[in-house]
Amino acid sequence: MTFLPYLVVVWLVVVSLYGMVTSRNLIHLIMCLAVMQSSTYVLLLALGFRTGGTAPIFQDIDVGTRAVDPVVQALMLTDVVVEATVMALLLAMTVQVHKHTGTLDPDQLRALKG
Amino acid sequence: MNLPPLIVAMPLLAAILLAVFTKVLRPRVADVVAIAAALGVSVMCGFLYRQSLSSPLVHWFGGWRPRGGVAVGISFVVDPAGAGLAVLVSVLMLAALVYSARYFEKVGTLYHTLMLVFLGAMCGFCLTGDLFNLFVFFELMGAAAYALCGYKTEEPGPLQGALNFAVVNTVGAFLVLDGLALLYARTGALNLAQIAQAVGDQRPDGLLITAFVLLAAGFLVKAAAVPFHFWLADAHAVAPTPVCILFSGVMVELGLYAVVRLYWVIFSAPFAGHGEALRALLITAGLLTALLGAVMCFLQRHIKRLLAFSTVSHVGIMLIGFGLLDREALAGLIVYVAGHALVKSSLFLGAGLLLHRFGSVDELKLHGRARRVPLLAGVFVLGAFGLAGLPTFGTFLGEALMSEAAEHHDYAWLSWCSMLAAALTGAAVLRMTARVFFGWGAAPDEAARPPTTEDEQRETRNDHTRLPLVMVVPTVLLAVTGLFSGLTPGAAGAAHLAAERLHDRPAYIARVLDDQPVPPPAPATTPALTTPLLHGLASAAAALILACLALFRPRLRLPGTVRGVAELRQVHSGHIGDYVAWLTLGVAVFGVSCAVLLR
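These protein sequence lines are chains A and B, in that order.
Every letter in the first sequence is one number past the one before it in this note's numbering, and letter 96, counting from 1, is 96.
Count along the second sequence starting at 1, add 1000, and that's the number in this note's numbering.
No wet-lab data here; the hints were simulated from the structure.
All values reported here derive from a predicted model rather than from experimental measurement.
Hints are supplied without guarantee of correctness; some may be wrong.
On the chain A side, residues computed to face chain B include the following (Cβ under 7 Å) [what the hints assert, rightly or not]:
(1) V15
(2) M20
(3) L112
Derived lysine-lysine pairs resembling BS3-like cross-links, with alpha carbons at most 25 Å apart [to be verified]:
(4) K1152/B - K99/A
(5) K1106/B - K1023/B
(6) K1106/B - K1152/B
(7) K99/A - K1106/B
(8) K1365/B - K1152/B
(9) K1152/B - K1023/B
All C-beta atoms, glycine included, are put in the ideal place defined by N, C-alpha and C.
Work out the full structure: start from the sequences and follow the hints.
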């Protein structure tokens, strides 16, 4: 058991939140969101890791062999798929925002207020 | 019995069909297919609800039933609360699709595809009994909702609203994912019942509290609790009106549903010793949400934004209902959700009709222009009293049940606060109705001032002379159903049963893991309605008085409010960075309070 991956998770969450709060560019902001998403990958994989474990494919190894947890890997893959959709959607919207307003700076986008 | 998966599969299949054949289909065919799918889902949900009354149904996908109390497969657990919510979702979707058949000038099949995906995801979210499944449906629902919100990509307003909505909610989804990962790490399970069994009822430790904070905060972002609520007004103000009724009527409430479900199934036993502390915390959050939403609602002139903030306020009242952590209050909450959904969706559809007929939803620009549509005025007046909680409305019955529970827990003053919030939102709608439909109040010189929120874009061509029947019928039907929803015989009894099934943790675990029958429900007590009746009438009267004050005494200001109000508006800046900062602060405060209170 090592704490390093969990420290990385916390670090990624904190820097990505900081990035989003201070961002001056929508694409940068969405990339920060992607960094936050990476923190969930690290967390999931760290939780399933077993020291000395092999890949969880029980085709030609004994059933009792120590293996890493396959469930979290499946969760992570699903997460990748779902979030890829959301990121693509966000970036497509950003392209449209730029087309209409000519800016990507959240400070300049003031259609909604109060 | 394969109904539960069909409820999710059918709209998704219809969506795929529409997406594949989008090039060859005539526009009307898409309407018909989508409406037929929504109708089919409503009927199936109704049927499932009837079946779930005697005992919750458990469906294991692929026949992966639990062996010896260990669940590996993925399950749908259909209990009256979940199935009832699914009924609400599908009926509102049906109304929205019928309405949008005439609403848009031009809309591609993509719109119907997205709506059907949205429907499937929301129904799945209501029915699932698996934590990761819950997350997947949450994200699917989110993705469809972001796309629907920014549907009119040619306008900057909807795009910004959708971006704010998407970014804030995605951060919320990551919190949920982190929370569920921690729970999985502790229990090695993803099935809700299995997690609950593994967690047991030992005292909560750091990991369990962190998991609770992350899950609850993530879902409360969707439920728009203060300070996670900023995205809601932006998204609801710019989304196409038929979509708004789903956003306000059910999507926001689904976030709260997830918190309620997770709390009662998993966390209620470990946190049992800290009931008082958690109650105080949740009620504080609910109170803040209810009052802030009501004040912001009263300040708006953009009608859709006004309705959006009233949703924030009503979600606050619902959060109080959950926060009482009591079976009676839960029953009240269930009635309230249904009553609120009917009222709010009829109001949004009414706003859409205004936009269709007059090309604007700005209260001041429309001053006195809608004198010749008394039917629509009736819808708005009904809606206003529905929001204020006049007796006969479902919102009143729900509030009555919740305030009775509040008295048991020595929070009798709470119902006065909810009443004030509800009256403020009702007053805002009444004021707007009087201005727009009757031309009351001085013709405001403020109309010259540019609106704070960009005026509604052309979803429909301007100045139609008549209102199409397919748009009027759902609006009026929803308003009238809302009016009588509190009088439905057996409404309170059905809500009691749903609340009983929702909060009975041991029965849920035994039902899912060991296929045990559930015990018969405890007899429901009928609340004494005299005091609440007075409250409801007082609230409606207060709404009227406040509306008149706003109309005829616009100069009347309480000392000190002007600066406070200006600052409050300033906070709702429309800036994504600010919203994320508030979200971070909210999670931090919630986390620290839980860490201190629940140890």
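Results of checking the hints against the structure:
1. V15: With a closest approach of 12 Å, the V15/A hint is violated.
2. M20: 4 Å, holds
3. L112: 4 Å, holds
4. K1152/B - K99/A: The hint holds at about 14 Å.
5. K1106/B - K1023/B: 15 Å, holds
6. K1106/B - K1152/B: Holds, because 11 Å separates the two Cα atoms, which is no more than 25 Å.
7. K99/A - K1106/B: 22 Å, holds
8. K1365/B - K1152/B: 23 Å, holds
9. K1152/B - K1023/B: 20 Å, holds
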